[in-house]
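J.: Each chain, written out:
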Amino acid sequence: MVEKSSQNEGTHSLSTETKLGRITTFVFMRNLIAFLQRFRIFLVFAVLQILALFWYVTFLSFPRNQFLTTNNQIAIQLLEWEHSITKHFNLSENNTKLQWENIYWRKRQPQFMYQLSRKSFKINDTLFEQQYTYIPAEIINSSVTRQNNYFTINIGEAQGIKRGMGVFCHEGVVGIIHYASAHYALVKTVLTSDINIDVNIHMKKTDLPGLLIWDGKDPRYGIITGINNDLKVKRWSKVETRGGSGIFPKGLPVGKVSYTEPIEGQALWKVEIRFAADYRRLQRVYVIKNLHLAEQTNLEARIPTDD
Amino acid sequence: MNIIYKHIIRFLVFTLLQALVLNQLNLGFGIHLMIQPLFIMLLPFDLTVIALMGIAFLMGALIDIFSNTYGLYTSSLVLLAYLRPIVFKLYGPREGYDPLKEPTANDMGASWFSLVFGILLGLHTFWFFLLEIFEIGRLGFILQKTILSGIFSFLFALLIQSFILNNKQKK
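Just so you know, the sequences run in chain order A and B.
Letter 53 of the first sequence, counting from 1, is numbered 53 in our numbering, and no numbers are missing.
Letter 85 of the second sequence, counting from 1, is numbered 392 in our numbering, and no numbers are missing.
Quick caveat, the hints were computed from the structure, so don't treat them as lab data.
No experiment lies behind these values; they were computed from the predicted model shown.
Even for Gly, the Cβ is constructed at its ideal location relative to N, Cα and C.
Where hints are given, some of them may not hold.
Straight-line alpha carbon distances no greater than 25 Å define the calculated SDA-like cross-link-like pairs of lysine to any residue that follow [unchecked claim]:
{"id": "1", "chain 1": "A", "residue 1": "217", "chain 2": "B", "residue 2": "331"}
{"id": "2", "chain 1": "B", "residue 1": "396", "chain 2": "A", "residue 2": "45"}
{"id": "3", "chain 1": "A", "residue 1": "97", "chain 2": "A", "residue 2": "282"}
{"id": "4", "chain 1": "B", "residue 1": "313", "chain 2": "A", "residue 2": "78"}
Here are some, though not all, of the chain A residues that point toward chain B, as calculated from beta-carbon distances under 10 Å [claimed, not checked]:
{"id": "5", "residue": "57"}
{"id": "6", "residue": "145"}
{"id": "7", "residue": "146"}
{"id": "8", "residue": "151"}
{"id": "9", "residue": "186"}
{"id": "10", "residue": "193"}
Take the sequences, apply the hints, and build the full model.
T.: Right, here's the structure in full:
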């Protein structure tokens with residue numbers, strides 16, 4: 001009897017355990033549903049936020065999901081209409097600049113020149129091989145007030161534009177192609193925080209190499225990092241591209257040094273420069289194609305790496 | 308006018324105004340005028356939060372597509388839509404809001420409007436510039452941009468709102 005009762009108790013307790021388990025899972029599910037219902041709003045909010053931030057971060061890091069930017073048919077059409085109105089705003093100024101440029105090149109035309117020395121005048125292709133070609137383009141959308149500013153230009157892969165090509169205007173450097181679609185391209189301008197164009201500060205005796213960045217404050221001023229403070233940097237000395245990475249030719253104007261200040265705790269100058277070009281009213285640019293770029297990268301790939 | 312058509316027209320006008328006009332302006336000192344928070348603010352009281360966030364997401368995405376900002380406006384607008392009912396509840400009348408009224412300065416009073424819209428706009432603008440600059444070491448610059456842009460956007464919003472509402476009342 002005693003054994004039986006104990007057995008009975010055992011089976012009974014087992015069945016109550018499974019029942020209890022069922023009840024706990026049921027309670028858990030009910031709690032979960034109640035939790036989801038209670039935080040439904042927050043969950044929707046979180047999902048939408050994650051979508052937006054994912055879009056933001058992926059674009060900043062790598063131009064992969066381009067389908068929702070201005071390389072989009074409808075948006076580009078509207079921007080074209082807008083541009084067809086706003087392009088006339090600085091027309092006279094731009095015309096003057098183009099005229100000056102025309103004069104500049106016209107002066108160098110052989111038929112307008114007096115031939116001083118007959119022998120050396122001929123353009124000799126065996127001595128000077130053309131290294132860079134330039135493709136003209138028009139800016140159809142731009143911003144200068146953000147932390148990272150991108151311009152949209154009206155040429156793209158159809159004209160041979162590729163990621164990593166340099167862009168400049170009449171007065172100076174503008175930026176680097178960030179992404180090219182079939183007929184349009186995005187330019188990552190010097191008005192971005194991590195543009196890192198290699199530049200030289202042109203001094204009387206030497207050239208100081210540094211990297212150009214932007215602090216996001218004023219579209220008229222940029223900053224050069226990596227200048228050692230054992231050399232004095234004169235105000236208003238010219239800043240030009242170094243041409244080391246093959247994106248820009250050597251000697252394109254960037255700006256002039258406007259202000260220097262020692263960085264505390266480091267043996268470096270903080271050099272502020274005034275850009276040569278006014279990016280707020282820029283309309284026409286040129287894209288640079290380096291015909292020797294493949295040769296240079298092939299050559300530099302042979303540099304032995306230290307393990 | 309039907310209230311739905313009114314809001315759809317407002318949606319289009321505000322989106323295009325922000326994307327094609329205000330984003331191209333350069334006022335200096337880090338001032339960036341933003342009008343799209345006003346649209347979310349002026350949506351009716353009885354809209355659910357999820358619908359609010361959906362509309363905000365759509366509007367932000369449209370502005371982002373036009374101005375190459377990739378999710379910046381979307382994220383800050385969704386945050387604004389999420390916070391709107393919370394702030395409304397905090398500063399609302401005890402018996403709840405009258406669904407016939409609109410959350411405007413004329414219907415609800417200028418002091419209520421400036422308080423609620425000021426808080427929402429401030430949070431939205433702060434989040435916007437925090438994301439854009441993305442560097443905690445430059446908090447001073449973020450705050451400068453937030454405060455200046457917030458004040459000017461607020462004044463601009465008041466100006467636009469008084470124009471729209473005055474026209475409506477005369478009719």
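J.: If you draw a straight line from the CA of residue 313/B to the CA of residue 78/A, is it 25 Å or shorter?
T.: 23 Å, holds
J.: Is the straight-line distance between the alpha-carbon of residue 217/A and that of residue 331/B 25 Å or less?
T.: 16 Å, holds
J.: Would the stated hint for residue 57/A survive a check requiring a Cβ distance to chain B of less than 10 Å?
T.: 8 Å, holds
J.: Return the status of the interface hint for residue 186/A: holds when the least beta-carbon distance to chain B is below 10 Å, violated otherwise.
T.: 7 Å, holds
J.: Is the straight-line distance between the alpha-carbon of residue 396/B and that of residue 45/A 25 Å or less?
T.: OK: residue 396/B and residue 45/A at ~18 Å, within 25 Å.
J.: Per the CB criterion, is residue 145/A less than 10 Å away from chain B?
T.: Holds, because the Cβ-Cβ distance from residue 145/A to chain B comes to roughly 5 Å (cut-off 10 Å).
J.: Answer holds if the nearest beta-carbon of chain B is closer than 10 Å to that of residue 151/A; otherwise answer violated.
T.: Holds, about 9 Å.
J.: With the threshold set at 25 Å, check whether the alpha-carbon distance from residue 97/A to residue 282/A stays at or below it.
T.: 11 Å, holds
J.: Does the interface hint hold: is residue 193/A within less than 10 Å of chain B, judged Cβ to Cβ?
T.: 8 Å, holds
J.: Taking 10 Å as the limit, does the beta-carbon of residue 146/A come near enough to a beta-carbon in chain B?
T.: 6 Å, holds
Checked against the numbered hints given earlier, the structure satisfies every one of them.
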